[in-house]
Amino acid sequence: MIAISRTSSSPNPNAAMSCVRNKHLLFSILLLDFTFTNQFLQAQTLIGPNFDEALLPFGSHAITGTLSTRCNRPEFDGTIPFTLRNKCPFTVWAATIPGGGRQLQTNDAWVIDVPSGTTGGRIWGRTNCSFDKSGRGNCQTGDCGGVLQCVTFGSPPNTLAEFALDQFNDLDFFDVSLVDGFNIPMEFTPTSNGCSRGVRCAADINGQCPKVLKVAGGCNNPCTVFKTDEYCCSNFSTSCEPTNYSKFFKGQCPDAYSYPMDDATSTFTCPGAGATNYAVVFCPS
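Sequential numbering of the sequence shown, starting at 1, is according to the UniProt record's numbering.
In short, the hints are calculated from the structure, not lab data.
Quick caveat: nothing in here was measured; it's all calculated off a predicted structure.
Misleading hints may appear alongside valid ones.
[To be verified] Using 30 angstroms as the maximum straight-line C-alpha spacing, the simulated DSS-like pairs for lysine-lysine come out as follows:
id, residue 1, residue 2
1, 247, 211
2, 87, 247
3, 227, 214
4, 214, 250
5, 214, 87
6, 211, 227
7, 250, 227
8, 87, 133
[Stated by the list, open to error] Label pairs and their computed distance ranges (CB to CB):
id, residue 1, residue 2, range
9, 106, 228, 37 to 43 angstroms
10, 228, 170, 38 to 44 angstroms
11, 137, 113, 25 to 31 angstroms
12, 134, 169, 43 to 49 angstroms
13, 133, 244, 42 to 48 angstroms
Beta carbons are placed, not taken as given, at the ideal position from N, Cα and C, and that holds for glycine.
Use the sequences and the hints to build the structure in full.
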C-alpha cells in the first residue's frame, strides 16, 4: 500500500519585520546573470561583499543552520506543495527545512506545503535511522542533531535538494547539491506550469566513491575530509576552482552542484509566486 501524508509549514508571523530589519531581500544582495539555453532560464549567482551566506541555498556546505524567510509579497501569500516520494528499496527518513521529518517506507509519499518566499530551503534523505517514541535517536547519514523532526541541517554526507521560492523576478531557484557529499540518489523536478527541466543525480556514487572520501552509507565531500579552503571555498572567493574530487562528482551528476562556486551549470529556475509545484524522488528509476 502506498502511504501519502501532508504537512503544512506555517510562516513565522514575525518574518516580515525581521526581513525588513535585517535587509534579507535577495535582489539587494545578489546580482543574477541570466542566460537562455533551450528556452530554459539559467542563473549565475555573483556574491556581493556583504552577502549573508546563511541566505544562500546554492552549494551551501554548513552543517547546521536555520530557515530564513523573505518578506511575503502582498499579491501572493500562499504555500507551494512539495511531494517527497521514496522509491528506494529501503526505508528513508525524509528531512526538510522547513517541514521537519518523516519516515518513508518504499513507495510512501509525503506532501509538505512550503511558504512562498522561503529561502535556504533544503530536502534530504536520512538512512539507517533509529528513533524512540519521543522522536530522539540517530541516523547513519544525514542526521540532524539526533531528532526525527529536523530544525537544523543534516550532517554530511547527504544529497541535497535546495530551493528559494518567489525571489528575484518572481522566480523560484532550485538545485541538487553534492557539496555536502552523497548518500541517496535523488531527482528534483517541477511538476506544473510547463516548467519541465528538473535535476537528476542517480549515479552509483557510493559504489564509485574515492577511497579517501568513502564512509559508511555515503561518499563525503572533500571539504568535510580535508577542511581546507581549496575544497571548502569558505570565503566564497571567485577564484575558487574545481578540484579533482569535485570533478569526480560533476562527472557522475553533471547538473548537480559539485563545489560551492558551481552556480553557472547547476542553478535552475521556474516561475514563482505559486505558479510551480515540485517533487523530490529518492532513488528515481
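Structure-based check of all given hints:
1. About 15 angstroms separates the Cα atoms of residue 247 and residue 211, which keeps this hinted pair within 30 angstroms; it holds.
2. Simply put, residue 87 and residue 247 have alpha-carbon atoms about 28 angstroms apart, close enough for the 30 angstroms limit, and the pair holds.
3. Note on residue 227 and residue 214: the hinted pairing holds, with a Cα-Cα distance of about 16 angstroms set against a maximum of 30 angstroms.
4. The suggested pairing of residue 214 with residue 250 holds, with an alpha-carbon distance near 17 angstroms, which does not exceed 30 angstroms.
5. At most 30 angstroms may separate the alpha-carbon atoms for a hinted pair to count; residue 214 and residue 87 meet this at roughly 24 angstroms.
6. Our distance criterion of 30 angstroms between C-alpha atoms is met by residue 211 and residue 227, whose separation comes to about 17 angstroms.
7. Taking the CA atoms of residue 250 and residue 227, the gap is near 20 angstroms; set against the 30 angstroms cutoff, the hint holds.
8. Among the hinted pairs, residue 87 with residue 133 is consistent with the structure: their alpha-carbon atoms are about 26 angstroms apart, no more than 30 angstroms.
9. In this structure the hint that residue 106 and residue 228 lie 37 to 43 angstroms apart at CB holds, the actual value being about 39 angstroms.
10. The hinted range of 38 to 44 angstroms is satisfied by residue 228 and residue 170, whose Cβ atoms lie roughly 39 angstroms apart.
11. One distance hint, 25 to 31 angstroms for the beta-carbon pair residue 137 and residue 113, holds here, with the actual separation near 26 angstroms.
12. Hint check: residue 134 to residue 169, Cβ distance near 44 angstroms, so the stated range 43 to 49 angstroms holds.
13. Separated by about 46 angstroms at the C-beta atoms, residue 133 and residue 244 satisfy the suggested range of 42 to 48 angstroms.
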